[in-house]
Amino acid sequence: MNWKRAAIAALFAVPVIALFAWGFTKDPNNIPSPLPGRMAPDFRLPVFSPGEAPTTLPVGDTVHLASLRGNVVVLNFWASWCLSCRDEHVELQQFARRYEGKPVKFLGVLYNDFPAPAINWIREMGGQQYPSVNDANAHTSIDYGLYGVPETYFIDGSGRVAYKQTGPVTDAILTRIVDSLIAALPASGAAAPADSAAHVLAPAAPGSKGTL
Amino acid sequence: MTGMFAHDALLVSLIAVLFGAIVGTVGIRRGRQDWVQLAFGAIYANFVLVTIATGAMIYALVTHDYSVSYVAQVGSNETPLFYTVISLWGALEGSILFWAWVLGAYSTAVIWINRKRPGTLVPWAAVTLLVVALFFAILLVGPANPFMPVFPVPADGPGPNPLLQNHILMAVHPPLLYLGYVGMSVPFAFAAGAMFSGEVASDDWIKISRTWTMIAWGFLSAAIIAGMWWSYEVLGWGGYWAWDPVENASFLPWLTATAYLHSVMVQERRGMLKQWNLNLMVGTFVLTILGTFLTRSGILSSVHAFTTGTIGYYFLGFIAFVLIGALVMVAGVSEKLKTRGRLESATSRETVFLLNNLFLTAFCFTVLVGTLFPLVAEAARGIKVTVGEPFFNKMTLPLITALIFLLGVGPALPWGVASKAQMKQKLLPPIAGAVVLGAVALIAGARNPYAVLIFAFVGYSAFANGREYWIGMKARHAAHGENWLTALSRLVSGNRRRYGGYVAHFGVLFVALGIAASQSFRREREATLKPGETITVAGHTARLKEVWGRQEPQRAVIGATMEVLDNGRVVATADPRMNFYPTQSSPVPTPQVVSSIGGDLYFNLMAFDQNGAHATVKLIVQPLVPWIWFGGGIVVLGAIIGVFPNRKRRTVVAPARQPVAAVPIPVATTGGGEA
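Chain order of the listed sequences is A and B.
Numbered by the working numbering, the letters in the first sequence go through residues 1 to 212 in order.
Numbered by the working numbering, the letters in the second sequence go through residues 1 to 675 in order.
The hints are simulated quantities; they were obtained by calculation from the structure and are not laboratory data.
Treat the hints with care, as some may be off.
[What the hints assert, rightly or not] For each label pair, taking beta carbons as the anchor points, the in silico distance ranges come out as:
hint	chain 1	residue 1	chain 2	residue 2	range
1	B	Gly633	A	Trp3	24 to 34 Å
2	A	Thr62	B	Glu552	27 to 37 Å
3	A	Gly167	B	Glu78	21 to 31 Å
4	B	Gly271	A	Ile17	29 to 39 Å
5	A	Val59	B	Gly549	14 to 24 Å
6	B	Gln37	A	Asp87	48 to 58 Å
7	B	Phe321	A	Gly127	49 to 59 Å
8	A	Ile142	B	Trp112	51 to 61 Å
9	B	Val153	A	Asp87	42 to 52 Å
10	A	Arg176	B	Ala105	50 to 60 Å
11	A	Ile8	B	Lys420	44 to 54 Å
[As the list claims (entries may be wrong)] Partial list, computed: chain A residues near chain B (C-beta under 7 Å):
hint	residue
12	Asn2
13	Trp81
14	Pro103
15	Met125
Positions of the beta carbon are idealized from the N, C-alpha and C atoms, including for glycine.
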């Protein structure tokens, strides 16, 4: 056994092992979304579930995202066949009820699902505080680069995506993001702020639709 | 109850392998044969114990015993029995258990068969196998314990990963892969045994390791093809290979093992490449562990990645141990492995084997770099990138093309040195094959130079390998008056390794042809159809009959029924579907394939209208894809032929074999049946 040679050979293993050890500190599936900082893709989608007073919208009405400008908007993509959506449901509803009257609008977006089972699901889960719209052909989901459900997008007063949550959202995340976005809103009644330097990225072209 | 009992079995097995490894090492050092027998006993005992645990797990799965953590994780009352049983390898803990079982089976078989062999090679190999088993035993008792008690006991579970309950191939691909992967532990153990025992310079360990490598290689080949097939039939993107880290992980050891199966012949005949062969065998094992590590630790993003906990760190420790251990051993004994032979001529079979090894290892290195690149890039520059298909295709196509050509040249050239006349006589006629297939490709519309070259070289190599059979059969026919079928069977059974190898070559050529054709001539179109409307791709027309939906116990299914038309007549139907599983964050597609010998019509449902008024369907026409699966079967057949011992020759026949040997066919000096 030539130990000198053996020791030199062993040194070659060190960088490889170090690389793997370092790799453990990273989540390979955590691919940052390019959306935060950009204008939220606009949409007009029909309401299929009215929500509860005082935030009801009549079934069949169209929600136009741009018309919510000036408020913080929380967009929650969900489906009745999705288990993780059940996990986040209670916290999400409690949060929405607690923030009633504040300048924040909640909206559910139904992904790859049918209204009938979705309405059953809402009933079974004890209600949904806010209205839900039906993304029937999934175009809006594609515009948002949806990876799966649940996913939640936080849109600031000027209509830009501020934060994206992949997977179930929690009360802690909701509180942190929504509070900071409300704080950043201009005094009520003021126009949306002029573009800041951080927001020079081009907004998504209105009406641009992905294909399936 | 089952869970506690099984966990106890695993605990005892951990103690047994630890005890066996220690008592074996000490026993060898002190020359105590009885202690070595205890180590062998530990191998058998471990197998029995892990078999009990695996049996208990299957029992728990089938009886829906949700008090067992693994069953609570992958079981569900609605899952069909078949998928319940195979969910044994559907998630991390179960797959590790199954892995340990396969390792136990292999170890028991190889040690039992070789238990009477004198010397310390087999005892050291046994100790090596026990150390590998120890790692898996630690995992099973600790971080990957599948028998954790669950309380309160749930009434139902989420069921296995939907991708794993979509297709029958899921019953085939993972076990084959484990048999291939784990099988490489055996030749490695003998390589390590040879180094520890000081027998490394002798060729004896090579004879044992060669046979077991071929067994594992056959399984691994089958596993890779089955994996491609599964991905093609299930994932819905119409392809069969995406250079996903886990596909690469299974391919890397295949490349080095293939190189070894060729270069080992050079060592047997010429006494060369000893160090190289040792490196290949150790490297193959390291790559199987690396592959497991990449799959099971969650370090790279992949379709196969299981959710993981602390187990990654155990794997990191093990891979560090294996990597450093292997490098130290190989470098430490390198001086004992000075080669005695040398190349006599550039035009000989051994030269072709050297080139084959060079290309295969370059191939392996390229794929390894591409696989680890995302990790390196993020470490060096903090960016998330993958190199993806263009890198792999660009880098590997020249190597693949060259390898297909060599696959025809190698069998044609003799050992030692080929005369000019021999070369002319051997290498020129197969050009006819190249011309025919090259022309076919050009007429069919292939314009990519690599594609045309691959077609041509497939023709060349098929001709060359077929000719070896023809020459051998003709000689037997003339010398013994045997009919052609008898001549063929005697030819093969007289030198199984050689002619099995040629069969495997044919399999590889079928695979290459299928891949080249489906990549070159793939045509696809996507259309949104109302019922009754048609879509036409490359002369194939299909009509949407209806969009339908149904609720199944474990999922909801939406499907589109497509009718394949021939002159307005319905000749086949396909039901591409989307499945909605409660546990999934997006729908799981089920494509449908209509196969014929010339190729596939691949249907995928992309989107549907909620009222069934229309559906968006993708139709891909893929020529010759079934040839890939067929070729995979032929490769495995070649391995099976090669692994069995040669037919015993009756002495009467021996003198008459002269004409056969006159055409340079190496007579089998080493059977392959020693193991």
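- Message: If you test the structure against every hint from before, which numbers come out violated?
- Response: 1, 9, 14, 15
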